[in-house]
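Residue numbers (UniProt numbering), protein chains in the order written: chain A, 1 to 317; chain B, 1 to 317; chain C, 1 to 317; chain D, 1 to 317.
Calculated directly from the structure, the hints in this document are not laboratory data.
For clarity, every value in this text was computed on a predicted model and none was experimentally measured.
It is possible that some hints are incorrect.
Pairs of lysine-lysine, BS3-like flavour, derived with a Cα cap of 30 Å [what the hints assert, rightly or not]: (1) A:Lys-137 - A:Lys-21; (2) A:Lys-208 - B:Lys-21; (3) C:Lys-73 - A:Lys-127; (4) A:Lys-59 - A:Lys-137; (5) B:Lys-146 - D:Lys-73; (6) C:Lys-73 - D:Lys-73; (7) C:Lys-317 - A:Lys-146; (8) C:Lys-21 - A:Lys-21; (9) A:Lys-83 - A:Lys-59; (10) D:Lys-137 - D:Lys-66; (11) D:Lys-83 - B:Lys-27; (12) C:Lys-21 - C:Lys-127; (13) D:Lys-208 - C:Lys-208; (14) D:Lys-146 - D:Lys-127; (15) A:Lys-137 - C:Lys-21; (16) A:Lys-146 - C:Lys-73; (17) D:Lys-208 - B:Lys-27; (18) A:Lys-82 - A:Lys-66; (19) D:Lys-208 - B:Lys-21; (20) A:Lys-83 - B:Lys-133; (21) C:Lys-208 - A:Lys-146; (22) C:Lys-27 - A:Lys-21; (23) B:Lys-133 - B:Lys-146; (24) C:Lys-137 - D:Lys-208; (25) D:Lys-146 - B:Lys-21; (26) C:Lys-73 - C:Lys-21; (27) D:Lys-127 - D:Lys-66; (28) A:Lys-137 - A:Lys-66; (29) B:Lys-133 - D:Lys-66; (30) C:Lys-133 - A:Lys-27; (31) D:Lys-146 - B:Lys-127; (32) C:Lys-73 - D:Lys-133; (33) A:Lys-27 - C:Lys-73; (34) A:Lys-146 - C:Lys-137; (35) A:Lys-73 - B:Lys-27; (36) B:Lys-133 - A:Lys-137; (37) C:Lys-133 - A:Lys-137; (38) C:Lys-127 - A:Lys-27; (39) D:Lys-127 - D:Lys-208; (40) B:Lys-21 - D:Lys-137.
There are 4 protein chains.
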Amino acid sequence: MGNPEIAKLGYVALVTPDLEKSLHFFKEVIGLEETTIIDGVHYLRAWGDFQHHTLSIEKGDSGHVKFVGWRTKNREDVEGFKKLLEQDGIPVASFEAGTTPGIGEAIRFKLPSGHTFELYYDVERPKAEEGRKSVLKNQTYKSWSKGVSPRRIDHVNIHTSTDAGITYEFLEQLGFNMREYLRDDNGDIIAGWMSVTQLVHDLAVAQKPTLPTPARIHHISYWSDDSQDILRAADILREHDIDFIGPGKHGISQALYLYVMDPGSGFRVELFTGGYLIFEPDWEPVEWTMEERAFGNTYWGDTVQDKELNNITIEAK
Amino acid sequence: MGNPEIAKLGYVALVTPDLEKSLHFFKEVIGLEETTIIDGVHYLRAWGDFQHHTLSIEKGDSGHVKFVGWRTKNREDVEGFKKLLEQDGIPVASFEAGTTPGIGEAIRFKLPSGHTFELYYDVERPKAEEGRKSVLKNQTYKSWSKGVSPRRIDHVNIHTSTDAGITYEFLEQLGFNMREYLRDDNGDIIAGWMSVTQLVHDLAVAQKPTLPTPARIHHISYWSDDSQDILRAADILREHDIDFIGPGKHGISQALYLYVMDPGSGFRVELFTGGYLIFEPDWEPVEWTMEERAFGNTYWGDTVQDKELNNITIEAK
Amino acid sequence: MGNPEIAKLGYVALVTPDLEKSLHFFKEVIGLEETTIIDGVHYLRAWGDFQHHTLSIEKGDSGHVKFVGWRTKNREDVEGFKKLLEQDGIPVASFEAGTTPGIGEAIRFKLPSGHTFELYYDVERPKAEEGRKSVLKNQTYKSWSKGVSPRRIDHVNIHTSTDAGITYEFLEQLGFNMREYLRDDNGDIIAGWMSVTQLVHDLAVAQKPTLPTPARIHHISYWSDDSQDILRAADILREHDIDFIGPGKHGISQALYLYVMDPGSGFRVELFTGGYLIFEPDWEPVEWTMEERAFGNTYWGDTVQDKELNNITIEAK
Amino acid sequence: MGNPEIAKLGYVALVTPDLEKSLHFFKEVIGLEETTIIDGVHYLRAWGDFQHHTLSIEKGDSGHVKFVGWRTKNREDVEGFKKLLEQDGIPVASFEAGTTPGIGEAIRFKLPSGHTFELYYDVERPKAEEGRKSVLKNQTYKSWSKGVSPRRIDHVNIHTSTDAGITYEFLEQLGFNMREYLRDDNGDIIAGWMSVTQLVHDLAVAQKPTLPTPARIHHISYWSDDSQDILRAADILREHDIDFIGPGKHGISQALYLYVMDPGSGFRVELFTGGYLIFEPDWEPVEWTMEERAFGNTYWGDTVQDKELNNITIEAK
């Protein structure tokens, strides 16, 4: 048997001090669909997401992310990863199927950066009910029902005050491929865009020494099909009196973006489109120097650098 | 060692009776860039393609496609596939590196449908020269230099007068995954959308019993980032007095399309955007029945079904 | 004092046998806002319309349009037009302010084609209430609240079984300028695109000898800002299981279109963007011959010609 | 006879110290078409402009604008304006037809702000030659031939160090309607968006007390049909290594913008789409206060306020 493999980003488990505000933001402004509510936890997904949920939201004392869930390629990969991690002395917690509704047997462990990742294989794919179900057989919900209406989850971006190099190495052992990175003047990589899929990144990790707690989450991203959808999102956010950064286009990843914060939890969402796919098996990671950093961050448009909204992150447990 | 694997669609080797017309069409109207010309063969790629070429064009007696090239995941996969194919009694021809400029050691063989496929691993990635090179480090050429200006090659669509079921099975052995298919009233699959990547299809195969020669190529597709690019393409084609079908949106694959024929060779190009990606490792192929066929072909817009332009295909060798 | 002048298209008074269906279509699918309901009549406008309503809908025995209202440039123009029309022997009915809610003193009369036009000057411009009001001072409602969400009314298109030439002449006396027209092989103009504004047309009139009643309305059109909005509209209509024609681009007017029918009344709506503006004071009307007709109707895309959906019109009183 | 009237913005006469750079910028990057070159002056227009030229470019010692030309509604209006202006003691210079190629008899005079305006009626409309001519009968050139490829001229924006109130009053006497304006805390209007057409503005005038010379030109604007065209323009400018501000959306006028400077002359171009049209004959100008100024300038996106690129203007003679 080969190495266990991760197939894709699964979901983010968000805790918010203001559940009502967060639900209004994610359901009415962003326009995610609610699969179900169980024990006060709301399970949401975009109209084009194919699994049970890509975001769970529950009430808690502070805005933070409990963990980020990833789906493995095979059922036995969950056990396979458990063994590998424990061989390396990493504590691994196991969870029975259904601990998270819609998610099968799972393990959780911490990255060197302190972020908790979950791995699972089995997942429920509940059909949408009549009235919300798409007329297309290959699509979960009707598109364009409400708000921004992105198609699917895209990636997560995490920050760490620890030495990010250790986390990049760890992630590469889990099967993440470095696709683009920023190298500082000391020769250290301080931001990396990594993926297990053919996206440029499913996961970005940035080193930020001055964070108030070691492990933070910068944003989750949902993907829309067209650039015009991002401009329409800007109108929608303004009409809801919600501030944001963008639109702008990243040099790194080439994607068009808008950054907006959930007013309930402080968790940031990147509305995202464009970019490129990587099909080459021998992809050479693209290096950006500190001199090229501004260009890599903002190819054009409203910049993400050094803006207050951009510098706030929420804690990751 | 595991099974050999195919990473991605590489290129299509096109022969045209009217080289000048075909070059004008692909370079000025579609807007592909020319990597090089060697021995009268023109090697073209889109501005976002990462390899030596994705289309070669040479002069010949009739418009046809010599073969479709695919890149393997590893260097040893080329030899691996050779062994597997020969074990199954399939004749395999081997080619030295450089037989096709920019392409390493390669093998060629015929599908049961009669279409020739090439497999190779090594590929040159010549940088674009100053003036044509993008200011972005992760992009080959400047975008939007001329014509439609699509980003990258997307897929090929082939037709066969043979029993397509045999070819689907053969392709699945090569590692192609069935993503969506059309089942006729006898229970046979007569059109299949298959991929080795996370695209819905790198390759579509349709059974057309009445073709004039057994193996035909319906189209090659180039991908643009935005729906608006496809509408702009329609304007550009009209201004060049070139007829086309579309715009329309497929139900199958959910992509926005335009079909246009190279006036030199009769080879059809699909200009394409939208659609969805498949990250689920246990994707259940989406079945469309004959009753659902029209909807699957044309979710909305100018239909691809039963139009003359659509029914013409060129021979595949 | 100079000639009385018409400033702009005002509103269409629609009667529907199925009020519930029509309201669902115009409010939820098209996404018009409801200004008010008075005596069972619903007054609707788009988020960017600046007057009381641009469409009124009431219940009646059959789907038809009672009249089309136009706003004059000056208050005294209403009386001015009354005099001119009566001098020509045209019966004119006068209505007190408020006969139609939001509309001041008005006159109504019939075109030679049999269509009833209303002229008025005074109009109420009720502000949108909090929650629906735009954050922009120059916009009535929040955009993108629901459905297709077009910006504003654009034009009406009427059909007549009478000699259209008489109606073109009559309309020119009212101040409509011919902008583009279709001339048949006998030398008669059988379709004319006319405007009092700088749009290519506020009003199109086509001669259709075989209509079941002499005066018909082909469609009302609402305008969106971007081509992508029309493609999104196509998705929305499909998700509501509503059939339509398009997208396509007219040669005449250069506009991108989608034609869809209100399932309640049978009244057609054209969703519309693009096109050009005419600022030249000495514009030469653009002539299209029968040979050029198909191209003029459909520059590209799903054609409006000879389709069943397109040939149905509702009666105009 | 009524008052003389202005129909539309005609053209801007630009002088550049680096003709080659300016021509490359306007012809290859922006993508204007060249009607003709006479006596070293290049006459340019966009593919959808209907007159001889909308921009003339000639070589001179410094980057500046000689005058802004406006077309009147009637031939006799040129003489009519001459009389009115001279009655008010304004010096008026008369020019024979053909003084500017393609332009008939003209007069020139200075606004109180010091900017020179030209008024003319007659204009040549040379057809585009085969190869550049559109296949559409209602369009001058093929669209999308090169560069950004906007449709038509839209407006000019001028700055003055004098009391702008005097100029607003003067312009209102010429027939310009105030559509939106910015009022400062002293109650003075310090920026006004005015039009003779149904656009929100053909002309914006801002009071800037600290200008190096009294009469400056901030920008000329060309209009594109779709928001996506502006995003594509941003890519094109970056690939040409040309800096710009935007994309952003104005609150005032609601238009999507990009500001870019001609590297030859320092003259700024606004690439522009969206916005609204004013058909109401009794439009109440929209007032913006200093508190609302930032929102009015930048509804969202990369801001035009206080940026260096934005503060540079070229002299108007």
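We went through each hint and held it up to the structure:
With a CA separation close to 33 Å, the supplied pair A:Lys-137 and A:Lys-21 exceeds the 30 Å bound. Under the criterion of a C-alpha separation no larger than 30 Å, the hint pairing A:Lys-208 with B:Lys-21 is inconsistent with the structure, at around 56 Å. For a cut-off of 30 Å, the pair hint linking C:Lys-73 to A:Lys-127 is broken: about 56 Å separates their Cα positions. With a C-alpha separation of about 35 Å, the suggested pairing of A:Lys-59 with A:Lys-137 is violated against the 30 Å cut-off.
The hinted pair formed by B:Lys-146 and D:Lys-73 fails the criterion: a straight-line CA distance of about 39 Å is larger than 30 Å. The hinted pair formed by C:Lys-73 and D:Lys-73 meets the criterion: a straight-line CA distance of about 17 Å does not exceed 30 Å. The straight-line distance between the Cα atoms of C:Lys-317 and A:Lys-146 is roughly 38 Å, outside the 30 Å bound, and the hint therefore fails. With a CA separation close to 34 Å, the supplied pair C:Lys-21 and A:Lys-21 exceeds the 30 Å bound.
Only pairs whose Cα atoms come within 30 Å are accepted, and A:Lys-83 paired with A:Lys-59 is rejected, the gap being roughly 33 Å. Between D:Lys-137 and D:Lys-66, the direct Cα distance comes to roughly 34 Å. Violation of the 30 Å bound is thereby established for this hinted pair. With a C-alpha separation of about 58 Å, the suggested pair D:Lys-83 and B:Lys-27 falls outside the 30 Å cut-off, and the hint is violated. Using a Cα cut-off of 30 Å, the hinted pair C:Lys-21 and C:Lys-127 holds, with the two alpha carbons roughly 27 Å apart.
With a C-alpha separation of about 59 Å, the suggested pair D:Lys-208 and C:Lys-208 falls outside the 30 Å cut-off, and the hint is violated. For the given pair, D:Lys-146 sits about 19 Å from D:Lys-127 by alpha-carbon distance, which is consistent with the 30 Å threshold. Only pairs whose Cα atoms come within 30 Å are accepted, and A:Lys-137 paired with C:Lys-21 is accepted, the gap being roughly 26 Å. About 39 Å separates the Cα atoms of A:Lys-146 and C:Lys-73, which puts this hinted pair outside 30 Å; it is violated.
At roughly 49 Å between alpha-carbon atoms, D:Lys-208 and B:Lys-27 are farther apart than 30 Å, so this suggested pair is violated. Restraint check for A:Lys-82 and A:Lys-66: the C-alpha separation of about 19 Å stays at or below 30 Å, so the hint holds. Of the supplied pair hints, the one linking D:Lys-208 and B:Lys-21 is violated, its CA atoms being roughly 57 Å apart against a limit of 30 Å. Between A:Lys-83 and B:Lys-133, the direct Cα distance comes to roughly 47 Å. Violation of the 30 Å bound is thereby established for this hinted pair.
In summary, the hint linking C:Lys-208 to A:Lys-146 is not supported, as the alpha carbons are separated by about 41 Å, beyond the 30 Å threshold. Note on C:Lys-27 and A:Lys-21: the hinted pairing holds, with a Cα-Cα distance of about 27 Å set against a maximum of 30 Å. Pair hint B:Lys-133 plus B:Lys-146 holds up; C-alpha atoms about 14 Å apart against a cutoff of 30 Å. Proposed proximity of C:Lys-137 and D:Lys-208 is supported: the alpha carbons are some 24 Å apart, at most 30 Å.
Restraint check for D:Lys-146 and B:Lys-21: the C-alpha separation of about 21 Å stays at or below 30 Å, so the hint holds. For the hint linking C:Lys-73 to C:Lys-21, the alpha-carbon distance of about 35 Å lies beyond 30 Å, and the restraint is violated. The suggested pairing of D:Lys-127 with D:Lys-66 holds, with an alpha-carbon distance near 27 Å, which does not exceed 30 Å. Between A:Lys-137 and A:Lys-66 the alpha-carbon distance is near 34 Å, which puts this suggested pair outside the 30 Å criterion.
Using a Cα cut-off of 30 Å, the hinted pair B:Lys-133 and D:Lys-66 is violated, with the two alpha carbons roughly 38 Å apart. Of the supplied pair hints, the one linking C:Lys-133 and A:Lys-27 holds, its CA atoms being roughly 21 Å apart against a limit of 30 Å. In summary, the hint linking D:Lys-146 to B:Lys-127 is supported, as the alpha carbons are separated by about 24 Å, within the 30 Å threshold. Using a Cα cut-off of 30 Å, the hinted pair C:Lys-73 and D:Lys-133 is violated, with the two alpha carbons roughly 38 Å apart.
Distance check on the hinted pair: A:Lys-27 and C:Lys-73 sit about 45 Å apart at the alpha-carbon level, beyond 30 Å; violated. For the proposed pair A:Lys-146 and C:Lys-137, the alpha carbon gap of about 24 Å is at most 30 Å, so the pair holds. Restraint check for A:Lys-73 and B:Lys-27: the C-alpha separation of about 41 Å exceeds 30 Å, so the hint is violated. Of the pairs offered as hints, the one joining B:Lys-133 and A:Lys-137 is violated, with about 42 Å between alpha carbons and a cut-off of 30 Å exceeded.
For the hint linking C:Lys-133 to A:Lys-137, the alpha-carbon distance of about 38 Å lies beyond 30 Å, and the restraint is violated. Under the criterion of a C-alpha separation no larger than 30 Å, the hint pairing C:Lys-127 with A:Lys-27 is consistent with the structure, at around 28 Å. For the hint pairing D:Lys-127 with D:Lys-208, the CA-to-CA distance comes to about 41 Å; that exceeds 30 Å, so the pair is violated. Using a Cα cut-off of 30 Å, the hinted pair B:Lys-21 and D:Lys-137 holds, with the two alpha carbons roughly 26 Å apart.
Of the numbered hints given earlier, the model fails hints 1, 2, 3, 4, 5, 7, 8, 9, 10, 11, 13, 16, 17, 19, 20, 21, 26, 28, 29, 32, 33, 35, 36, 37 and 39; all others are met.
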